[in-house]
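Colleague: Add chain V to chain B, keeping to what the hints say.
Which chain is which? The protein sequence lines are B and V, in order.
Numbering (full-length UniProt numbering) for the first sequence: 1 to 788.
Numbering (full-length UniProt numbering) for the second sequence: 1 to 158.
Among these hints, one or two may not hold up.
Computed, partial: chain V to chain B, Cβ under 10 Å [said to hold, decoys possible]:
| id | residue |
| --- | --- |
| 1 | K18 |
| 2 | K29 |
| 3 | T37 |
| 4 | N48 |
| 5 | H51 |
| 6 | H85 |
| 7 | V88 |
| 8 | G120 |
| 9 | I123 |
| 10 | Q124 |
| 11 | T126 |
| 12 | S127 |
| 13 | Q129 |
| 14 | E143 |
For each label pair, taking beta carbons as the anchor points, the in silico distance ranges come out as [said to hold, decoys possible]:
| id | chain 1 | residue 1 | chain 2 | residue 2 | range |
| --- | --- | --- | --- | --- | --- |
| 15 | V | K53 | B | P233 | 57 to 63 Å |
| 16 | B | N319 | V | M38 | 21 to 27 Å |
| 17 | B | H516 | V | R10 | 42 to 48 Å |
| 18 | V | R33 | B | H516 | 35 to 41 Å |
| 19 | B | G60 | V | K53 | 37 to 43 Å |
| 20 | V | E143 | B | N319 | 45 to 51 Å |
| 21 | V | M38 | B | R204 | 28 to 34 Å |
| 22 | B | K355 | V | P44 | 17 to 23 Å |
| 23 | V | P44 | B | G60 | 41 to 47 Å |
In short, the hints are calculated from the structure, not lab data.
The model shown is predicted, which means the values in this text are computed figures rather than measured ones.
A virtual CB, placed ideally from N, CA and C, is assigned to each residue, including glycine.
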Amino acid sequence: MSPSVRLQEMIRVIRGARTQGEERGVIQRECAAIRAQFRQADNGTRSHNLAKLLYVHMLGYPAHFGQMECVRLIASPRYNEKRVGYLGAMMLLDEKQDASLLITNSIKNDLSHNSQYVQSLALCTLACMGSAEMCRDLAPEIDRLLRASNSYIKKKAALCAVHIVRKVPDLGELFTPAARSLLCEKNHGVLHGAVVLITELCERNPDTLEQFRKVVPELVQIMKGLVMSGYSPEHNVAGISDPFLQVRILRLLRILGRNNDTASDAMNDLLAQVATNTDSSKTAGSAVLYETVLTVMDIKSESGLRVLAVNILGRFLLNNDRNIRYISMTSLQKIVQTDHNAVQRHRGTIVDCLKDQDASVKRRALELSLALVSAVNIRSLMKELLLFLSSCPPELRAHTTSGIFNAAERYAPSQRWHIDTILHVLTTAGGDVRDETVPNLIQLITTATELHCYTVHKLYRALITDISVQSLVQVACWCIGEYGDLLLRGECEETEPVQVTEDDVLDALETVLQSHMSSPATRGFALTATMKLSTRITHNVDRIRSIVSIYGSCIDVELQQRAVEYNALFKKYDHMRAAVLERMPVIDKSSPGHTNGESAGGIKELEQTKLTQEVVLPKDPGNQVCDLLDLLGGSGEPVPSSGLSHTVPGPATSTSGGDLLDLLGGLDVSPAPPSVKVYEKNGVTLKLQTDSQTDTGMTITLTATNSTDGDITSLTLQAAVPKSVQLQMKAPSGDVIPARGLGLVTQTVLLNNPNKVSLKMRVRVCYSSQGAVCQDTVQIDSFPSPAW
Amino acid sequence: MMRFLLLFSRQGKLRLQKWFTPIPEREKKKIVRDMTTMVLARKPRSCNFLHWKDLKIVYKRYASLYFCCGLDAEENELIALEMLHRYVELLDKYFGNVCELDIIFNFEKAYFILDEFLLGGEIQETSKQVVSRAIEASDMLQEAEIDNSDYDLELGWP
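Chain B extracted, bound-state conformation (with noise of 0.2 Å):
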């Protein structure tokens, strides 16, 4: 029987066996026999029984013992021991197995062997799995194979440099030359071997990509004969004459015409040529005019040619061919942002491939289509896109939610329509949003002030249809919460109001509460929302506080300490509830949750928060306290936002609270530094005093005074710094200061300037003073010198 039919046998008898464990019995029983006959004297078996040890690493067995033999198998002076030796090693050694330096001294020796098919097997090994010392030490050999021997050597030796310079780029410089000559060669695998060379070492070094842009005039003739030749047998694909060898030249040309205007210019008139001539009913042809239109985008084409370009991918994203249409996006997409206008003439095209079947090529079109929309096309862009969301594959949603928030909020013609489209998301796929929207839609739905009443009409209708999309259940009850005035009220301009009852809008919040598809955060809004409407409406008070009293034994905990608050706020303070809860006012854009770059930079406006939307919600004193202990133990930024202004003072809260105030440093001021006077009007007077100065920051002290007749009240101080200082404004005392002079504000304001840039500080002032709001801002240029 002769050997390789054992081979063929094993194989049979391995794929005969019906379970996975009868296999694994078979091949352990051949590996045991593989392994005695390695063990075993040279017996004329080595080469099957290492081709059947890796027919079974095919499968996904170990045979690491098979290693030493490959080893072996090389070194022999048999032509199919080192062919089945040389597969081994491809496919069993790799650089960083040790066993593979073994063979440096194998493959060295056949490099020089008299048969070609020996030379190409070292060749083929050193190239799949040379390491870097290996190469090192073979690179010399390699070079001299590339000057003088046979085009079917050369071609290999080639792509072996290549393997080599990929491995240790410094030896790129050896093989310069010969990569030179090699364009010389009429042999198409040469000839390749030499453009593959030459792209890489022109890829990794600036001056050999220098020295290279001199043989564009002879690529150029090289591309000619190909594109204007007849019919070559040998070459031929579907009309085309070696595309590969076409494609690696034009890949070439791209590297070298980059940045250069000589070397672009040597080859406009080949590229127009290529991108007319060439047949693209194949995919050949196809594959040669994509890198053509990749070359003319990417070099100092002249516009006529890159017109030309664009026209061929637009003419691509017709094809029937869906790999084409697919590849004509892509190339699209990267040149969106420099080529806007002639991309804008295909976007019909490029909508009408979201309806695809294909997920990749749905993919490449939204991705182009949320890159092509302007001020201008708006409109009818987002329809295309709402509609494509309805009905796209789940692992794109995510994207295009996020993609249609930042059109909608970059180009919103209108804030109805912006707000429309943010709740139409919300509807079809609000459990694929992040988790942002909820904030900025109620800032934004805020900022809309006219459109209260719409907005809340609308939230109510979604609020009684569907329960389950969390961010819409939120926002819904947010608003009910906060307009639920005009909703009761029974009519609205922009939309058909609802006839509701109190009962029933109680009755829709109560069902998000009790429902269980409600996470815990909803909940929260939910109760929240409720104890507001005890403001707004006239008849079920006594509702709502039962509600609110039964939560207060509920297990999840925000909800109960909430409730408890809230009750708290029934019984001793419902002298404050009605301040607690009025109608919160505009939030600022670069407010909460629009950090971190939404928001352009520049000097931060107002010192807020970094709390998320929910905490800025007005609480009751206790838990207005808590915020200020998180605050300062978290990020430290305490000041509360003008919409917090509203509340209660500070030290009339909970003794805790107070004794917390008093632990802040800064406010007791002794007053002996000096200070500077920075704002005097209507009887308010502020001061400023530096405590502590050093190379990178400072410390400072605000000080209010009221000399008028009556209280100041609702006082609030802001402060802005430039771009590379950090602000941190400590708690203030208080905010009312005493009339004529009997009490005084403080505020103690650190600041961090690691660039020791020059300091300056613009301080907002707001306060009330007889019935009257007065804000004013006030620019500070210099500080006074510490006390000491």
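Modeller: Showing chain V alone in chain B's frame:
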């Protein structure tokens, strides 16, 4: 360059694997698993290109075998499709109407043919005839050696 080339059946059994960069064994197995899962999940008339990590994956189904290769990001996907097709043509010429069983039982020949077509992840020969002739010549060399078992390789071949 091409990072790897895999051939697997519709049941996910690997028939050929060629790796052009050094990768640990465990990671090779993971890549094979990922590729088979991804490619086998594709619908019949989908696009032949995928994105996986930072690589472009090009695959094509020929009868019961999937030919799947992983390319660097700057490669031309369409020409990669042509590359896969060329390899199938070479196999077809060699085995005469190649089918999956041919590749299973003669896997080492499939590797030898691949090694005459690709080298270090790049195409080494763009002419079908030259590749076929080289394979035939190597086979003849091997046959001659087996026939005269003491035949030592002294003389080179033209």
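Colleague: For a quick check of understanding: which of the numbered hints are violated here, in increasing order?
Modeller: Of the numbered hints given earlier, those the structure breaks are 3, 7, 15, 19 and 23, listed in rising order.
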